[in-house]
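S.K.: Each chain is listed here by its residues.
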Amino acid sequence: MTKKEYLNTLSNEIYFLSLNEKKDLLDYYEDMINDYIEDGYSEEEAVSKLEKPSKIAKNIKNETEINFKNPVKDKNILTIILLVLGFPLWGSLAVAFMLVVFSFYIIIWILPVVIGSLFVSSLFVGGVSVIGGFILIFKNLNAGLIQLGIGIFSIGVAGILAVTFYYIVRFIVKITVIVSKKLGNYFKDKLGLKR
Amino acid sequence: MKIKDLAAKTIKFSLILVIIGMIIFLIGYSLNGFKFNEKPLEEYKWYEVIRI
Numbered sequence: 000m001t002k003k004e005y006l007n008t009l010s011n012e013i014y015f016l017s018l019n020e021k022k023d024l025l026d027y028y029e030d031m032i033n034d035y036i037e038d039g040y041s042e043e044e045a046v047s048k049l050e051k052p053s054k055i056a057k058n059i060k061n062e063t064e065i066n067f068k069n070p071v072k073d074k075n076i077l078t079i080i081l082l083v084l085g086f087p088l089w090g091s092l093a094v095a096f097m098l099v100v101f102s103f104y105i106i107i108w109i110l111p112v113v114i115g116s117l118f119v120s121s122l123f124v125g126g127v128s129v130i131g132g133f134i135l136i137f138k139n140l141n142a143g144l145i146q147l148g149i150g151i152f153s154i155g156v157a158g159i160l161a162v163t164f165y166y167i168v169r170f171i172v173k174i175t176v177i178v179s180k181k182l183g184n185y186f187k188d189k190l191g192l193k194r
Numbered sequence: 000m001k002i003k004d005l006a007a008k009t010i011k012f013s014l015i016l017v018i019i020g021m022i023i024f025l026i027g028y029s030l031n032g033f034k035f036n037e038k039p040l041e042e043y044k045w046y047e048v049i050r051i
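Those sequence lines, one after another, are chains H and G. Just so you know, we're using numbering that gives the first Met the number 0 here: the first sequence kicks off at 0 and counts up by one. Just so you know, we're using numbering that gives the first Met the number 0 here: the second sequence kicks off at 0 and counts up by one.
Think of the hints as simulated: they come from the structure by calculation, not from any bench. Ideal Cβ positions, reconstructed from N, Cα and C, are used throughout, including at glycine. Wrong hints could be hidden among the right ones.
[To be verified] Not close to chain H: a few residues of chain G, all C-beta gaps over 12 Å, as computed: (1) M0; (2) P39; (3) L40; (4) E41.
[Unchecked claim] Here chain H is said to cover these stretches of chain G; the calculated rule only asks that three of the stretch's residues, wherever they fall, bring their Cβ under 8 Å from a Cβ of chain H: (5) 5-17; (6) 22-34.
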């Protein structure tokens with residue numbers, strides 16, 4: 000078994016550990032393999048000197064006595080009854096809270112929507128004004144120049160708005176992903192899904 | 000081309016368009032005596048987008 004295979008197997012076996020604990024353990028075993036290799040052993044020999052990943056995982060389980068059952072299942076009956084009876088109260092509060100959060104999220108998206116709308120309208124005004132402006136120049140020079148100027152100006156504004164729109168959307172998406180991941184990890188921790 | 004370069008070029012080009020547009024507008028506006036000659040709506044042709 001190569002070092003990579005060994006570490007992959009170990010990583011799968013210690014699925015019940017948190018990310019940090021898992022990383023520490025993998026780093027530890029990787030260092031051990033590297034030490035053996037530095038001492039002149041081949042990669043396979045170095046790996047064979049270590050305990051099997053399944054055994055390591057079993058030992059950790061025994062040592063830490065982690066309860067692998069889903070904590071939700073461990074709730075006693077009284078708690079479950081209270082949760083069910085209290086649902087009209089905490090359920091409505093939870094829904095209200097979620098709706099408030101959702102409303103804030105929608106409000107955040109209003110900015111890119113407004114900028115996007117301004118972009119489309121500027122582009123439209125610009126396009127039509129430039130085309131009309133060229134025709135108008137031959138009929139009425141002054142009016143044609145004014146319209147052409149406004150058209151070119153609008154196209155320029157549309158370009159600036161397009162870039163602004165792109166960066167704002169990218170920023171909001173980035174923030175959304177980060178917050179979702181953090182929330183996901185938080186709830187995973189709370190429900191004990193990570194351990 | 001990276002998005003950042005593209006964005007920088009777009010902004011540059013847009014600013015040039017904005018300045019050119021303003022200059023052309025000012026030339027037209029000054030030739031018109033710094034005023035707009037509004038006329039009844041019915042007299043505008045399809046290519047006259049702005050009420051000048």
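S.K.: Compare the structure with each hint and give your call.
M.R.: Checked hints:
{"no.": "1", "hint": "M0", "in the structure": "holds, 14 Å"}
{"no.": "2", "hint": "P39", "in the structure": "holds, 15 Å"}
{"no.": "3", "hint": "L40", "in the structure": "holds, 15 Å"}
{"no.": "4", "hint": "E41", "in the structure": "holds, 16 Å"}
{"no.": "5", "hint": "5-17", "in the structure": "holds (count 9)"}
{"no.": "6", "hint": "22-34", "in the structure": "holds (count 9)"}
Hint check: no violations occur; every hint is consistent with the structure.
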